[in-house]
Amino acid sequence: IRNYINEMEKELSKIGTAESRYDEYIDVESFADYWMASEVIYNHEIYKPRSLYMFKGRDGVDSPKGTVCKLKAGPFWDQEMIFTNHWWNNKDAHYFGSLFKDRAFRDVVMKNWLLFRKNLDGTGCFPNVIDNINPIFII
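Each residue of the sequence shown is one higher than the last, beginning at 81 in my numbering.
The hints are simulated quantities; they were obtained by calculation from the structure and are not laboratory data.
Incorrect hints may have been included.
Stated by the list, open to error - Taking lysine-lysine pairs in the DSBU-like style, the calculated list, with each CA pair at most 35 Å apart, reads:
id : residue 1 : residue 2
1  : K152      : K136
2  : K136      : K198
3  : K198      : K94
4  : K150      : K90
5  : K191      : K94
6  : K150      : K94
7  : K94       : K181
8  : K152      : K181
9  : K150      : K198
10 : K94       : K145
11 : K181      : K191
12 : K181      : K145
13 : K150      : K136
14 : K191      : K136
Said to hold, decoys possible - Cβ-Cβ distance ranges computed for the label pairs, FRET-style:
id : residue 1 : residue 2 : range
15 : S143      : K94       : 19 to 27 Å
16 : E104      : M190      : 18 to 26 Å
17 : T147      : K198      : 28 to 36 Å
18 : S110      : N86       : 32 to 40 Å
A virtual CB, placed ideally from N, CA and C, is assigned to each residue, including glycine.
Take the sequences, apply the hints, and build the full model.
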């Protein structure tokens, strides 16, 4: 797994060039969703490489025979800093600083955000969620 991650990191460093093949190593959707969820809950832990949990299935066992399982982001863990009043730009966090240099990754994040936002309260209107929060939770 160490070699796999080293190769993935090499590919991330090539983003912006024709040689980058990072999407052969990571599940882009899972990294986009992980970043988006981190933004929603103010998860500043993704700045720390040790706080970004990832997993990879067994090639040919957890994936079709003859294929390689890609690295997936998640699940969340080590979250003592979520919902805190810090201001960070998670687009610069560890792997995400490289990923956001790629237009295709940004497009996946935007597509997933629009789906998430539309389905958040069933009406497609995010502010309705805020308006409907039970006042007992407001400090």
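Structure versus earlier hints, numbers of those that do not hold, lowest first: Result: hint 18 breaks, nothing else.
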